[in-house]
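Asker: With the hints as your guide, set chains B and C onto chain A.
If you're matching them up, the sequences are chains A, B and C in order. Using the numbering used here, you'd call the opening residue of the first sequence number 25 and step up by one each time. Using the numbering used here, you'd call the opening residue of the second sequence number 621 and step up by one each time. Using the numbering used here, you'd call the opening residue of the third sequence number 29 and step up by one each time.
Since the hints were made in silico from the structure, they are not lab data. Glycine residues also receive a C-beta, built at the ideal position from the N, C-alpha and C atoms. Don't take each hint at face value.
Stated by the list, open to error - If we take Cβ atoms under 7 Å as the criterion, some of the chain C residues that face chain A in the derived model are:
(1) D150
(2) V151
(3) F155
(4) D159
(5) D168
(6) R210
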Amino acid sequence: MSTDLNTIVGKPWKKPPFIQRAWLRWLLVFGFAAYLVAAVLTIEVNWSRVYEGLERGKQFVLAFTSPDFTSRSGDIWEGMLESIIMTVAASVVGIGISIPIALGAARNVAPLPVYLICRGIIAISRALQEIIVAILLVAIFGFGPLAGFLTLSFATIGFLSKLLAEDIESMDRVQAEAIRASGARWGQWINYGVQPQVMPRLIGLSMYRIDINFRESAILGLVGAGGIGATLNTAFDRYEYDTAAAILLIIIVIVMALEYLSGIIRERVQ
Amino acid sequence: MPVQDVQGQKIWQRRAGRESLFHWVLWLIGIAVFAYCWQQISNATTWFFVWDAPNIAGDIWRRATPPKWEYITQLGKPIWDTLNIATLGTIIALLLAVPVAFLAARNTTPSALFVRPIALLIIVSTRSINSLIWALLLIAIIGPGVFAGVVAIAIRSIGFCAKLLYEAIEEIDHTQVEAITATGASRWQVMAYGIVPQILPAFAGIAVFRWDINIRESTVLGLVGAGGIGLQLSASLNVLAWPQVSLILLVILLAVVISEWVSAKVRGAII
Amino acid sequence: MLRLEKLVKTYKTGDQALKAVDLDVPDGQVLALIGPSGAGKSTLIRCINRLVEPTSGNVYLGDVELTGLSSGNLRKERRRMGMIFQEYALVERLSVMENVLSGRLGYVSFWRSFLRKYPQKDVDEAFRLLDRVGLLDMADKRADELSGGQRQRVGICRALIQDPALLLVDEPTASLDPKTSRQIMRLICELCKERGLAAIINIHDVALAQMFVQRVIGLRFGAIEFDGPPDALTPEVLTTIYGEEDWEATIEKIDEDDEPEAAE
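Excised from the complex, chain A in its bound form (with noise of 0.2 Å):
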């Protein structure tokens, strides 16, 4: 087993690959590349199309500059006001459902056919985006934001569920086992062996999905389903770059608003 180091001296030394067999590695290399190759030749780029919109992009960049929030201020206000209602209605009550789905979803605290039933519904919830389930919404509740804000809150459960059941499965038990040993009724047990251990973490990842709902309700009017999209939509179809900016603007600067407020409330309850 022991090398010796008089047979090694003076031969050339090589990194060992990260793949030892040579013919999996050149396999998978050769494979990538020809991906690659075959991904680019496949894209159609119309070249004079993109050269004569560089000169729409330079507008649009220069646009930021000077953003237009008074020509359609109605329309903005409007659009962001029902995007910012979807937000917190989808967020309150899809934070509600939430949490008895996550308690439902975690294998320590919920019997089995309860857990197989609420780790279906986050599942479903899981695989079917925002805007797929918005279309489908609307097609049944008709235009406007209630379509969105079911949507919202049905994406909402499946974000929230899910993490917030890892969160209990990994609890410390002991602590739960010592309420459950005081004679505790499952309520009881919950509201004292669980609920303090998994608080922060639920306040943290509320911040979070309802930084993500806003952020999803902007589009969700491209579907018809309420929100500042369709206002976004029409700005971009007329060509209105200055009015365009002006709410990616407010989007972005609203957007770090609340990741700045939810970085001090998540700091304050840890």
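Answerer: Chains B and C alone, transformed into the frame defined by chain A:
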């Protein structure tokens, strides 16, 4: 003090009087805000449609089943495009995110006063705007097509990847960097030997994670005209071809499940 | 060989880690630096190769004055000073061989080092050193698979392959068990003798220092309190170095301040 003396008896309360009042007011404001929001939504809703929703949903369901299976033959190219949008977008985003992350991390930025804020601004602005909006914008600028989708996904992912990566860079073990510096290595050598090996696992994890998300996002980019399977979805919706819609939704669902499985496998192999 | 003149280091927080230290180390001398934690031992060693920038004073390595050097010339001089660290400071995700070869970084171009195409004589030297410390079989293992003692041996190889004239050794045994500590100290001192290297060894363990070195420097509050042969370390001398007050709480702080400063 949460303990009160009432008629000679000590009564323990969770919160003292002022504090408990404050809590109640907070709850009241919260409920009022929610009630206002709900009222606004309700005003903007045609409730007649909503009461009719079960019928409509049932109607759509009846028309959408069974899915039009033979339509799958026309979905090959859109699926291929969707995969390309996600993959090429992720690769471009990673190439751009690496320098941004190094400029944004406190321990590697050349200037904390000038360069770092710019890098952070790039991260925040690309991250806060959804890829669909980027697609909308790019279509207005460079015209519809797969290329706009690739660029939209790339831009959106820069901020996401750069943020996670710069956090990883800030968490590296500093003594390893110090040790490489002490050998007389140049700045770039310190980077290649002291920093890169430490962040490589994080980098690979971020890449796969973001690729998974991008597969999801690129399936719907077509709704605004940026190529991929969403284009077929939008076309089918416009002509109310529900059997095609249901097939496309099934395909998208399958793609999402597969990409999640692949990314979980790869992440498992790395870590 | 190495001469320090009125070396001062004051941190931004106002803590004075070194107060005008003068020190002369002749060729081939191995000396131990003892003193309570926070006395400035670690700062002193890092001021020599400028991982920490000294506030004022001079450092002469041979005839070259180090504190005024440009970063390019400083890199050249750093090659002559091998450094061994407390927590080994190996790049954990690289292989043992790559870690050893990283000691040659100052000699090879970026692309050569990036592509791992080191000159054959560097590779041979790396294998010889690994054989010398008994780790030849481990060459292609990843550094984080090794035990503490093995890692420190790799750290020693990395310092020696620089072909240094001076070793700067920062608490080489602090994270090791007593037996391994002795083996590592013995190895360092033997290698210094074989190659005629001078060495400055920071060390907590006074008994261990006395066992191996020719000269002991006692540092307290950034000033030299003792300079003499190991057998002159009497209990009285130790009391003047370490003192009887509770120094632990006040000095921990300074050690932590080292970190951001050393980023260069």
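Asker: All the hints need checking, so say for each whether the structure fits it.
Answerer: Now the hints, each set against the structure:
no.	hint	result
1	D150	violated, 9 Å
2	V151	holds, 4 Å
3	F155	holds, 5 Å
4	D159	holds, 4 Å
5	D168	holds, 5 Å
6	R210	violated, 24 Å
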